[in-house]
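**Q** Protein chains in written order, with our numbering: chain A, 1 to 553; chain B, 1001 to 1553.
It is possible that part of the hints are untrue.
Claimed, not checked - Here are the simulated distance ranges between beta carbons:
id, chain 1, residue 1, chain 2, residue 2, range
1, A, E512, B, E1521, 48 to 54 Å
2, A, G454, B, I1003, 58 to 64 Å
3, A, G410, B, M1368, 34 to 40 Å
4, A, E512, B, K1069, 58 to 64 Å
5, A, G301, B, K1467, 33 to 39 Å
6, B, Y1011, A, G410, 19 to 25 Å
To be verified - Partial list, derived from the structure: chain B residues whose beta carbon lies under 8 Å from chain A:
id, residue
7, P1005
8, L1229
9, A1430
As the list claims (entries may be wrong) - Just a sample of chain A residues kept apart from chain B, beta carbon distances all over 12 Å, derived:
id, residue
10, R10
11, A35
12, Q46
13, E151
14, D288
15, E326
16, A332
17, T339
18, S356
19, S359
20, R388
21, D471
22, G490
23, E504
24, D540
Keep in mind the hints are simulated off the structure, nothing from the lab. Glycine included, each C-beta is placed from N, C-alpha and C at the ideal position.
There are 2 protein chains.
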Amino acid sequence: MTISPLQQARYGYTPKLPKMLRAGFDGIAVEEGAATEAASDKEKIQALFPNTYGMKEVYFKEGANTAEKKKHIVGVILSGGQAPGGHNVIAGLYDALKSANEENILLGFKGGPSGILEDNYITLTKETIDKYRNTGGFDMIGSGRTKLETEEQFEVAAAVAAKHEMTALVIIGGDDSNTNAAVLAEYFKAHNTGVQVIGCPKTIDGDLKNDDIETSFGFDTATKTYSELIGNIERDAGSAKKYWHFIKLMGRSASHIALECALRTRPNICLISEEVEKKAMGLNAIADYIADSVCSRASLGYNYGIVVVPEGLIEFVPEVKKLIEEINETLAKHGERFTKLPTWDEKLGFLTAALSVESMKVFNLLPMDIQEQLLMDRDPHGNVQVSRIETEKLLSNIVRNRLQQRKQQGNYNGKFSPLHHFFGYEGRAAFPSNFDADYCYSLGYTAFLLISYGYTGYLSTVRNLAKGVEDWKAGGMPITKMMDMERRGGEDKPVIKKALVDLEGKPFKYFEAHREKWARESCYTYPGAIQYFGPSELADETSMTLRMENDEF
Amino acid sequence: MTISPLQQARYGYTPKLPKMLRAGFDGIAVEEGAATEAASDKEKIQALFPNTYGMKEVYFKEGANTAEKKKHIVGVILSGGQAPGGHNVIAGLYDALKSANEENILLGFKGGPSGILEDNYITLTKETIDKYRNTGGFDMIGSGRTKLETEEQFEVAAAVAAKHEMTALVIIGGDDSNTNAAVLAEYFKAHNTGVQVIGCPKTIDGDLKNDDIETSFGFDTATKTYSELIGNIERDAGSAKKYWHFIKLMGRSASHIALECALRTRPNICLISEEVEKKAMGLNAIADYIADSVCSRASLGYNYGIVVVPEGLIEFVPEVKKLIEEINETLAKHGERFTKLPTWDEKLGFLTAALSVESMKVFNLLPMDIQEQLLMDRDPHGNVQVSRIETEKLLSNIVRNRLQQRKQQGNYNGKFSPLHHFFGYEGRAAFPSNFDADYCYSLGYTAFLLISYGYTGYLSTVRNLAKGVEDWKAGGMPITKMMDMERRGGEDKPVIKKALVDLEGKPFKYFEAHREKWARESCYTYPGAIQYFGPSELADETSMTLRMENDEF
Chain A
1 MTISPLQQAR YGYTPKLPKM LRAGFDGIAV EEGAATEAAS DKEKIQALFP
51 NTYGMKEVYF KEGANTAEKK KHIVGVILSG GQAPGGHNVI AGLYDALKSA
101 NEENILLGFK GGPSGILEDN YITLTKETID KYRNTGGFDM IGSGRTKLET
151 EEQFEVAAAV AAKHEMTALV IIGGDDSNTN AAVLAEYFKA HNTGVQVIGC
201 PKTIDGDLKN DDIETSFGFD TATKTYSELI GNIERDAGSA KKYWHFIKLM
251 GRSASHIALE CALRTRPNIC LISEEVEKKA MGLNAIADYI ADSVCSRASL
301 GYNYGIVVVP EGLIEFVPEV KKLIEEINET LAKHGERFTK LPTWDEKLGF
351 LTAALSVESM KVFNLLPMDI QEQLLMDRDP HGNVQVSRIE TEKLLSNIVR
401 NRLQQRKQQG NYNGKFSPLH HFFGYEGRAA FPSNFDADYC YSLGYTAFLL
451 ISYGYTGYLS TVRNLAKGVE DWKAGGMPIT KMMDMERRGG EDKPVIKKAL
501 VDLEGKPFKY FEAHREKWAR ESCYTYPGAI QYFGPSELAD ETSMTLRMEN
551 DEF
Chain B
1001 MTISPLQQAR YGYTPKLPKM LRAGFDGIAV EEGAATEAAS DKEKIQALFP
1051 NTYGMKEVYF KEGANTAEKK KHIVGVILSG GQAPGGHNVI AGLYDALKSA
1101 NEENILLGFK GGPSGILEDN YITLTKETID KYRNTGGFDM IGSGRTKLET
1151 EEQFEVAAAV AAKHEMTALV IIGGDDSNTN AAVLAEYFKA HNTGVQVIGC
1201 PKTIDGDLKN DDIETSFGFD TATKTYSELI GNIERDAGSA KKYWHFIKLM
1251 GRSASHIALE CALRTRPNIC LISEEVEKKA MGLNAIADYI ADSVCSRASL
1301 GYNYGIVVVP EGLIEFVPEV KKLIEEINET LAKHGERFTK LPTWDEKLGF
1351 LTAALSVESM KVFNLLPMDI QEQLLMDRDP HGNVQVSRIE TEKLLSNIVR
1401 NRLQQRKQQG NYNGKFSPLH HFFGYEGRAA FPSNFDADYC YSLGYTAFLL
1451 ISYGYTGYLS TVRNLAKGVE DWKAGGMPIT KMMDMERRGG EDKPVIKKAL
1501 VDLEGKPFKY FEAHREKWAR ESCYTYPGAI QYFGPSELAD ETSMTLRMEN
1551 DEF
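Chain A extracted, bound-state conformation (with noise of 0.2 Å):
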């Protein structure tokens, strides 16, 4: 491996703790607070969680530290996509334990969940988290998709647990991993194993938020990777004045994303899937509502722009859903036929029998290669892979048509050339920013604390982010508290709900308040790459949506 300059400058940053945990190990004290309950559900939710459920909160204070002193071995586990800041997690983790007693030991469970029940684990030391410190991805043991939600996953787990010894697993995930982590530590607890579970919060989407959790880590990091990008071109839009650029951004179930690109970068459209899916916007009052914007500018004199939208935008709209749903539906039953028929006007055919008119005529709305994307791309249940489709070019195209109607009608004189980008893999593996190598670093000090402490089902918490990091507050919160019951296939099941863009939180109003004038006027602001140096206002800041939402800005 060849280090480039700003990795080995990066090794250099020693990671900011909050002041609370300045002390060191020795001198970090532990306070309770009330028994907390669940968000709703409560009755339900206890009945769940026998042994972990009602626990109290608890907060990390300067004093002398009263944990029992026993030696630890700790697994940990990096679960789900990547986001930046994962090492320093696992190197605060590491530091705290290891401060506590250097015989403790640190075990990284390889290639996610699956790690575990397979037993496939390195000892982790010294030399390999110097090798990651605030670097980004997932690689120092990799990550994985599986999921640990069965009693039969949970046994195989405890086995190996005690075949290591361990006295705790850390679990670094979003919701569903942490809500797993939950269910995880319950049933250590309700069998006697002896072995703690902490979780951490974690994902670039920024949807694992609540009255607990204020931000996950890697938004701040991966949206401003986003966001230099987008203010790049948007410089070059302005100075080309010939393209709307259709960017496209992750963010599948919530647009958080997108609305903090937006307030960084000020676009002249983003759109919002939460909103998107309030109003019922279909296809022609989003096509118009670009449309507008487009053609504003160009009575201005500006033929360019920029549009930036959620990867999961279309399927919050309630026509393509439907259309999507009867193409599922379609392909299951007939898929083998389809597939068989030899030309793309008998695939036509085809369908223009099988759907409903309407959908048929959402169908022939999409451009070619669209069609093609509904069709083909299929994952192992059959379902449309929504992320492959391209969000940017469907839209880019019904805007098109739409300009060319009021073009016949003599209401749009301008020029129309879309350009398009999806943005998303750029950012989740990127160095973490100073703002999430502080916060995770503080994440993984703090979980081991609520290991030595004794806790078990806590989410290690740090809070008061938008301050500066010495007023960061460490802490732990039951994970149980954040827990409601849903409907998750056909079953009544406890989880962290997903945390939308809230359609009254001060970010979206903000947005919200300022919208028109940006799809009219060039407000674009330019953020520029990340710096890791320089100035603390440039270097140490925080994302606009943790900002706005703590009135600090």
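Let chain A serve as the given structure and place chain B on it in line with the hints.
**A** Here is chain B on its own, set in the frame of chain A:
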């Protein structure tokens, strides 16, 4: 306009000048070297430039300034695509001009070369300049693609220059624009207009390079931006371990961008158009070359990887070139009839009859969306818009077919899941790196020195760039020295030769010596985001290409 924290911080950056220019305008003397000759076709070029041929090379040095003290009114034009640093050329020019004489005036012609033809300009003030220092984009005065090349245009330009009592015009552009700058300089001199013309070497493509131009500005920043993204994707790929990323980069005629990014990030595969052309590699050879890497990595358990290709690649693949020519010809003749064919299958039937058997075979290899692109997106001359063709998808498709064959033959047993990216607009308007900020400012400053010392038909040159800024050498070179005669549009024309990737040069040789290992193993390097602050070896380092070409790597 809202100013981002980085933009605010960059306003505070003072570009570094070469030591020889640090004494201030009054302390800079000139020295002339030997008379120059054209690169080849000397007599023909001398005949075309009777008034500006054979001038002497010029160097600047510390010493008493002996330039004639007169008031200067200088015009400046940005020509062609955006390149980071353009604003700094103008800032350097402005600062030198004002430090020579507060009464000097700088006019910015708007929207590219057409600005002088339409007499569309603004008078540049400190207030305007200060808003654009160290920022990306060309939006201070805009750019455009009009070519200044006809006698009629020259007459208009001369009239506009006379109207403003201009003493000089600075043209910031690529090889064509600087060629035209030389022709315009000759015209102005022949017609005794008293207007000097100075060129500045701009292009992110890096193909304006020769004995006298070590690199064009913008190349450094653009390739750093693309390398950031490629590195992030590499790290993501190595963490997720499930995708092959096909990444297309700008660079139509030359592959300097792809090569530089490959040197920085060490992807598994990087194709260089110059090599593909030289070896007459067809699609089959390319598919096999990539598939070999996929298979050898799969045998090591790595079902992921990175393929980098230049935008212009397929124009260098013999059979695709032929296919495109045949399609262009067919549609030129029968376009209207073809467009009216109601179904895709009828269009295919038409093509089958019209194209050669071999070309139809190539056409059938292509995925449907690329077939559509070849048939639909045409420029005003009826030609395929090659840059719109998703070469990255074309390649992954032929590789997939090849892998299926190998699987059937029992020679491959991996998984192949491709993802696609195109990076170009993301880098053209980025905040200039310290290198480009310093280089551009020095180019602009030097351009005014050339003007003040009375030179015309010169390119502003800053050399010794692989060393620290203090050792850079500023001067000027007659543009005719860089010229030879080429056949363009059926005529012999004097042009600055485009610099293609030299397959015998050090950057390519280094790549060639390492690529076999990179293809099999994961030698990824993660450059991360451009840093404007921090340690000098990080923030001030320049491109690998430049360093290797000058033995500084």
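**Q** State for each hint whether it applies.
**A** Hints versus structure:
Separated by about 51 Å at the C-beta atoms, E512 (chain A) and E1521 (chain B) satisfy the suggested range of 48 to 54 Å. Look at G454 (chain A) against I1003 (chain B): about 50 Å separates their beta carbons, and that is not inside 58 to 64 Å. The supplied range of 34 to 40 Å is met by G410 (chain A) and M1368 (chain B), whose beta-carbon atoms lie about 36 Å from each other. For E512 (chain A) and K1069 (chain B), the hinted distance range of 58 to 64 Å is satisfied, since their beta carbons lie about 59 Å from each other.
A hinted range of 33 to 39 Å is violated for the C-beta pair G301 (chain A) and K1467 (chain B), which are about 46 Å apart. A beta carbon spacing of about 45 Å between Y1011 (chain B) and G410 (chain A) contradicts the range 19 to 25 Å that was offered as a hint. A distance limit of 8 Å between C-beta atoms decides the matter here; for P1005 (chain B) the minimum to chain A is near 4 Å, and the interface restraint holds. Look at L1229 (chain B): its Cβ gets to within about 5 Å of chain A, closer than 8 Å, so that hint holds up.
For A1430 (chain B), the interface hint holds, since its Cβ comes within 8 Å of a Cβ in chain A; the closest pair sits about 5 Å apart. For R10 (chain A), the shortest C-beta to C-beta distance to chain B comes to about 8 Å, within the 12 Å cut-off, and the non-interface label is violated. At the 12 Å boundary, the C-beta of A35 (chain A) stays outside the reach of chain B, the nearest C-beta of that chain being 39 Å off. The Cβ of Q46 (chain A) sits about 38 Å from the closest Cβ of chain B, beyond the 12 Å cut-off, so the non-interface label holds.
Distance check on E151 (chain A): its Cβ is at least 28 Å (rounded) from any Cβ of chain B, clearing the 12 Å threshold; non-interface status holds. No Cβ of chain B comes within 12 Å of the Cβ of D288 (chain A); the nearest lies about 25 Å off, and the non-interface call holds. No Cβ of chain B approaches the Cβ of E326 (chain A) within 12 Å, the least distance being about 22 Å, so the stated non-interface status holds. At roughly 23 Å, the least C-beta separation between A332 (chain A) and chain B is larger than 12 Å, which holds for a residue marked as non-interface.
Every CB of chain B lies more than 12 Å from the CB of T339 (chain A), the least distance being 15 Å, so the non-interface label holds. Taking the minimum C-beta to C-beta distance to chain B, about 23 Å, the non-interface status of S356 (chain A) holds against the 12 Å cut. At roughly 20 Å, the least C-beta separation between S359 (chain A) and chain B is larger than 12 Å, which holds for a residue marked as non-interface. At roughly 9 Å from the closest C-beta of chain B, the C-beta of R388 (chain A) falls inside 12 Å, breaking its exclusion from the interface.
Under the 12 Å C-beta cut-off, the non-interface status given to D471 (chain A) relative to chain B holds; the minimum distance is some 20 Å. Separation of G490 (chain A) from chain B is adequate, the least Cβ-Cβ distance of about 29 Å exceeding the 12 Å criterion. Here E504 (chain A) stays apart from chain B, with its beta-carbon at least about 24 Å from theirs, past the 12 Å limit. The beta carbon of D540 (chain A) is not kept farther than 12 Å from every beta carbon of chain B, the shortest such distance being approximately 10 Å.
Comparing the model with each earlier hint shows violations of hints 2, 5, 6, 10, 20, 24; every other hint is respected.
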